[in-house]
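S.K.: One letter stands for each residue in the lines below.
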Amino acid sequence: MSANAESLAVGWVRKVGGMTLFFLQVCSRIVPSFTRPGLIVRQIYNAGARSLVIVMLSGLFVGMVLGLLGFDTLQRFGSEDSLGVLAALGMLKVLGPVLTALLFAGRAGTSLTSEIGLMKSTDQLTAMQMMAVDPLRHVIAPRFLGGIIAMPLLAATFSVIGLFGAQLIGVQQMGVDVGAFWSQTQNAVDLRDVYEGIVKSLVFGVACSLIAVYEGYNSEPTPEGVGLATTRTVVTSSVMVLLLNYLLTAAFLTK
Amino acid sequence: MKNSRSLEIGTGLFVLLGFTALAFLTTQLPGTSLKFGGSEGGYTVTAKFDNIGDLKPGSPVTMAGVRVGRVETIRFDPRDFKAAVVLRIEDQYQEIPEDSDASIQTAGLLGGKYIGIGPGGSETFLKQGGQIEFTQSAIVLESLVNKFFANMASKGPDEQKSDEPAAEEKK
Chain A
1 MSANAESLAV GWVRKVGGMT LFFLQVCSRI VPSFTRPGLI VRQIYNAGAR
51 SLVIVMLSGL FVGMVLGLLG FDTLQRFGSE DSLGVLAALG MLKVLGPVLT
101 ALLFAGRAGT SLTSEIGLMK STDQLTAMQM MAVDPLRHVI APRFLGGIIA
151 MPLLAATFSV IGLFGAQLIG VQQMGVDVGA FWSQTQNAVD LRDVYEGIVK
201 SLVFGVACSL IAVYEGYNSE PTPEGVGLAT TRTVVTSSVM VLLLNYLLTA
251 AFLTK
Chain B
1 MKNSRSLEIG TGLFVLLGFT ALAFLTTQLP GTSLKFGGSE GGYTVTAKFD
51 NIGDLKPGSP VTMAGVRVGR VETIRFDPRD FKAAVVLRIE DQYQEIPEDS
101 DASIQTAGLL GGKYIGIGPG GSETFLKQGG QIEFTQSAIV LESLVNKFFA
151 NMASKGPDEQ KSDEPAAEEK K
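Protein chains in written order, with this note's numbering: chain A, 1 to 255; chain B, 1 to 171.
The hints are simulated quantities; they were obtained by calculation from the structure and are not laboratory data.
Errors might be hidden in some of the hints.
As the list claims (entries may be wrong) - Across the chosen pairs, the derived CB separations fall in these ranges:
| hint | chain 1 | residue 1 | chain 2 | residue 2 | range |
| --- | --- | --- | --- | --- | --- |
| 1 | A | Val199 | B | Ile74 | 47 to 57 Å |
| 2 | B | Gln131 | A | Gln172 | 26 to 36 Å |
| 3 | A | Leu57 | B | Glu142 | 43 to 53 Å |
| 4 | B | Val86 | A | Gly78 | 20 to 30 Å |
| 5 | A | Leu68 | B | Gln136 | 27 to 37 Å |
Cβ atoms here follow ideal geometry from the backbone N, Cα and C, with glycine treated the same way.
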């Protein structure tokens with residue numbers, strides 16, 4: 001029993017260490033990978049452009065729910081004009097980055113993991129090494145980088161669409177004054193709030209992409225192993241995003 | 001490489017859209033440069049207030065509770081130390097008497113400020129560039145509370161010295 005717990009703990013520490021080392025290895029390949037920008041563009045397309053529709057749809061509906069519930073709550077205090085403030089801050093600071101990251105982990109992270117895992121199980125990565133082609137540089141780094149570039153753009157799109165979704169419900173359906181909605185929003189939202197959202201989405205992008213490529217690169221080269229690695233990507237990414245979200249929120253509050 | 005064209009177009013669209021969203025968030029949300037719901041039609045009149053509270057450009061202008069226009073700009077007039085508020089009234093409300101009064105009111109307890117216009121009795125109407133002479137400033141809740149407690153404290157020696165201008169409360 002205790003030996004079991006010990007091996008579990010050691011396994012955890014090993015995983016943290018392995019991920020850190022892997023992160024450093026990939027980081028050292030980021031600059032060289034710019035010599036093949038085409039690879040990065042393809043990964044931005046895979047991670048970003050192909051996640052765009054689901055992110056925009058989700059953003060719209062999250063914003064609409066925010067408009068509906070926000071209006072219902074705020075009108076009890078007669079301050080439904082502040083709906084825009086609530087929607088904007090909620091979207092920018094939490095909902096935009098976090099929900100986009102969760103969607104990103106599910107949509108792009110899984111495909112990264114399974115793609116790399118399959119490359120590994122079909123010995124493509126080994127073959128590259130045989131030909132003195134560094135798979136970290138040509139396979140992992142572009143995918144990692146593409147995810148990092150795509151995430152803030154996706155989160156910003158999510159926030160903007162969500163804000164207009166909230167406006168759609170609040171103004172068009174519930175009858176909040178458009179001018180009050182936006183003037184209060186513009187007055188209450190600070191540039192710092194926007195930066196908070198961007199920093200968060202950037203950090204989440206690094207975390208989700210790193211976990212996805214790490215799990216793929218270290219998956220068991222079997223069909224079952226790739227499946228397990230994909231599951232681990234979603235679970236680990238989701239937990240990490242929510243944990244990092246708390247830490248970053250606390251950090252931004254105290255500054 | 002035959003689908004590299006669509007790949008590049010897709011990536012380009014995505015990146016452009018993303019950066020547009022980022023630009024919107026960073027430049028338009030924390031500023032007042034973009035006016036939503038502001039129509040260019042109608043005519044503008046000016047009203048000067050001692051204290052506008054937290055009235056903002058874009059706030060509604062109402063008569064009898066119905067929105068007839070919006071606050072367009074707010075600036076400080078250094079000559080008489082008042083806030084000059086430009087109101088844009090929509091075109092269909094042409095017949096607002098010249099001696100109407102404008103007051104800054106609060107929607108609900110915590111809601112935003114808006115301007116309510118009470119109609120006067122004059123036969124002539126406000127025109128483009130006109131000015132509303134009779135104004136009533138915003139009621140700043142904190143100074144009201146301060147006054148109340150000051151009154152309570154000085155109730156013993158029956159002196160009524162509570163008429164300090166409320167304007168000093170806000171910077």
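S.K.: Each hint needs a verdict: does it hold in this structure or not?
M.R.: Do the hints match the structure? See the list:
| no. | hint | in the structure |
| --- | --- | --- |
| 1 | A:Val199 / B:Ile74: 47 to 57 Å | violated, 33 Å |
| 2 | B:Gln131 / A:Gln172: 26 to 36 Å | holds, 35 Å |
| 3 | A:Leu57 / B:Glu142: 43 to 53 Å | holds, 45 Å |
| 4 | B:Val86 / A:Gly78: 20 to 30 Å | holds, 27 Å |
| 5 | A:Leu68 / B:Gln136: 27 to 37 Å | holds, 36 Å |
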